[in-house]
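Q: Start from the sequences and build out the full structure, keeping to the hints where you can.
The sequence shown runs 1 to 203 under UniProt numbering.
I should point out that these hints are in silico values taken from the structure, not numbers from a laboratory.
Values in this document were obtained by computation on a predicted structure and should not be read as measured data.
A virtual CB, placed ideally from N, CA and C, is assigned to each residue, including glycine.
There's no promise every hint is true.
[Claimed, not checked] Within a straight-line C-alpha distance of at most 27 Å, the following computed DSSO-like cross-link-like pairs (lysine-lysine) qualify:
id, residue 1, residue 2
1, LYS47, LYS161
2, LYS168, LYS47
3, LYS118, LYS52
4, LYS168, LYS52
5, LYS52, LYS161
[As the list claims (entries may be wrong)] Here are the simulated distance ranges between beta carbons:
id, residue 1, residue 2, range
6, LEU160, GLU43, 16 to 24 Å
7, ASP109, LEU160, 16 to 24 Å
8, ALA81, SER167, 39 to 47 Å
9, PRO141, GLU43, 18 to 26 Å
10, PRO157, ASP100, 18 to 26 Å
11, VAL65, HIS170, 31 to 39 Å
12, GLN172, THR123, 39 to 47 Å
13, SER167, PRO138, 24 to 32 Å
14, LYS168, ALA89, 35 to 43 Å
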Amino acid sequence: MWEALVISTQIVTRSTEIFATARWFVHFVVMSECAAVAAAAVEAASKPPVLKSLPEVRVVTLRAVIPDYRAQRTLWDQVLAFTRSQGLAIAGPCLTIYYDQGYRERDVDAEVCLPIAKDAKVTEDAGSTSSITVRVLPAVPRAASAVHLGSYDALNPAYLKLYEWISKEHLQPNAPVREVYLRMDIEDTSEGSFVTEIQQPVA
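A: Structure representation (structure tokens):
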């Protein structure tokens, strides 16, 4: 059902917009402070894409069709406010799931996700006043994974590399692509300060 994304220079536009959002977002969330995770991600960035399984993860999530990629900030605002009101701790790297089959200049279908502990207590009905939900992203048996080292405005080569590899391996994307923000620090402009994993479920 899911065809490979049409990769073009438009991805750069999307990534630049996300980078602007990141400048705000990082003030609230510290991405993956685990040195071992960061080091492994940096090493993976220099290697070809790989196939991997993705574990299930419990998340606070909000999905909406937003005017453009930059507008996902409004989704993060709501999700972060909810997690603060619930006293929930973020339990892993945050991610965005994109449901569109390619770049869109407007009307972007996106879902932002903040991982929380499996046993974290939610004291209010998440859906009572908004579209925020607490749910489990199911495990993915196979996903093609590529790690990008550097700012979001240079993600295009990583997408190209990933989808070229998927085609070469005769695989087919079969679910929405995920961007996982393993590390982000706008106070440090060195290449290693931004580590993003692109995860494309495949069959």
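Q: So, for every hint listed, does it hold in this structure?
A: These are the hints, each one checked on the structure:
no.: 1; hint: LYS47 to LYS161; in the structure: holds (11 Å)
no.: 2; hint: LYS168 to LYS47; in the structure: holds (16 Å)
no.: 3; hint: LYS118 to LYS52; in the structure: holds (22 Å)
no.: 4; hint: LYS168 to LYS52; in the structure: holds (17 Å)
no.: 5; hint: LYS52 to LYS161; in the structure: holds (16 Å)
no.: 6; hint: LEU160 to GLU43: 16 to 24 Å; in the structure: holds (21 Å)
no.: 7; hint: ASP109 to LEU160: 16 to 24 Å; in the structure: holds (22 Å)
no.: 8; hint: ALA81 to SER167: 39 to 47 Å; in the structure: holds (41 Å)
no.: 9; hint: PRO141 to GLU43: 18 to 26 Å; in the structure: holds (24 Å)
no.: 10; hint: PRO157 to ASP100: 18 to 26 Å; in the structure: holds (21 Å)
no.: 11; hint: VAL65 to HIS170: 31 to 39 Å; in the structure: holds (33 Å)
no.: 12; hint: GLN172 to THR123: 39 to 47 Å; in the structure: holds (42 Å)
no.: 13; hint: SER167 to PRO138: 24 to 32 Å; in the structure: holds (25 Å)
no.: 14; hint: LYS168 to ALA89: 35 to 43 Å; in the structure: holds (41 Å)
Comparing the model with each earlier hint shows no violations; every hint is respected.
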